[in-house]
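Protein chains in written order, with the numbering used here: chain Z, 1 to 128; chain Y, 1 to 264.
What you were told as hints is all true, and nothing was included just to trick you.
Cut-off 25 Å, straight-line C-alpha distance, at most; resulting in silico cross-link-like pairs (SDA-like, lysine to any residue):
#, chain 1, residue 1, chain 2, residue 2
1, Y, 197, Z, 65
2, Z, 90, Y, 215
3, Y, 197, Z, 114
4, Y, 55, Z, 62
To be clear, the hints were calculated from the coordinates, so they are not data collected in a lab.
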Amino acid sequence: MYDKGKVLAGLAVFVVFMTFPFWFNIGATPFKAPELAKPKDAKNCVESVEWMKTEHMQLLNDWRDMVVREGTHEYHSRFNGKEYLVSLSKTCMKCHDDKEKFCDKCHDSLAVSPYCWDCHVAPKGENQ
Amino acid sequence: MNTNRRSLLKFAGLAVLGWSVKPALTVFAAGGAGPREAILFASRHGAPTGEKALKAGRWAMVIDTSKMTPEIQKKCIEVCHKTHNVPSIPTKQEIKWLWTAQFSDVFAEQSHPYLEKLTKRPTLTLCNHCDNPPCVRVCPTKATFQREDGIVMMDFHRCIGCRYCMAACPYGSRSFNFQDPRPFIENIDMEFPTRTKGVVEKCEFCAERLAEGHLPACVEVSEGAMAFGDLDDPGSDVRKLLGARYSIRRKPELGTEPCVYYLI
Ligand code: SF4
Ligand code: SF4
Ligand code: SF4
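Use the sequences and the hints to build the structure in full.
Shown next, in the form of structure tokens:
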């Protein structure tokens, strides 16, 4: 074997780097899902809560195309069969009337910054 | 593929056969009174189908210049800009959906110095929702598109601010956001989005109001000086007005087929 020392040292450095994320996190508090302000009067969302948690971004994307490009303004819920107006500000934000206590809570803790609010006007909890 | 004389002739033969069935003129450049789908013509997207929505084969606006006073114009502009969160930026970077200009500028080719009563009169102007809209054809992202009922819409989400549409529009109907418009909006309407820096905007014939069964905001406050309706329906207000009075359109010679008509 040639350069046994160098190879071993290199290996050691490699292992340390590879495992860095694991031992760096030792002792850190585990991720806790943030507490969200739930709407006061509404019993359910346009779809089940579980589904909304994972798919709301897809839903909003579809809603955008439905309204702007296809001219469809009605959404039929698969959850309760009801019809909803396809609108971020007139449907979603009427219940979730405080963006900071709802949307931002999760987005901030996951370091996601959607640009919806660059154009759409976010309500500030005054329940319009 | 190896193109030889024989395969080229075969292909050319097929093409000729095809064009004899559907002439090239209608395939490539139809618009206006012709068929409403063609290769060089803007593709069209659906219009609202909901129960409440106002529907038309071809939406159009008629502005009665004899009834239109500066006060009504001011009211129309204010209500439009208020409902759509159009900022008031007092510089050259001004954003406008509905505005006035001198008659002699709006109808440059139809004016002469002796039309004394008309030339200086402020004339309301907006996007003409052309039947053959050049702005749609040049938009590389299809952020600007046309609906089946003729409304030329903008998908503000998709606009990349290249401003091709502004160069293509012969009426200056579009504005570009050089900066964030929000600080220039006095009372933001929660129900309508604002735009962002780098996005183009214009009048959308109040598509969001039509979808809910209301006439355009400017028409509603115009005290009868504006009419809005379906060109395809001979019994509609707009058709009756156009049948009874003399009307002109902006730069009709360009072939864009504007659908805002001015009664003289
Ligand atoms: S007036 Fe201009 S912006 Fe409006 S449809 Fe015609 S070309 Fe497009
Ligand atoms: S500025 Fe926006 S709307 Fe205009 S052509 Fe470019 S992408 Fe299309
Ligand atoms: S039709 Fe609507 S968007 Fe267009 S100028 Fe009138 S109020 Fe404004």
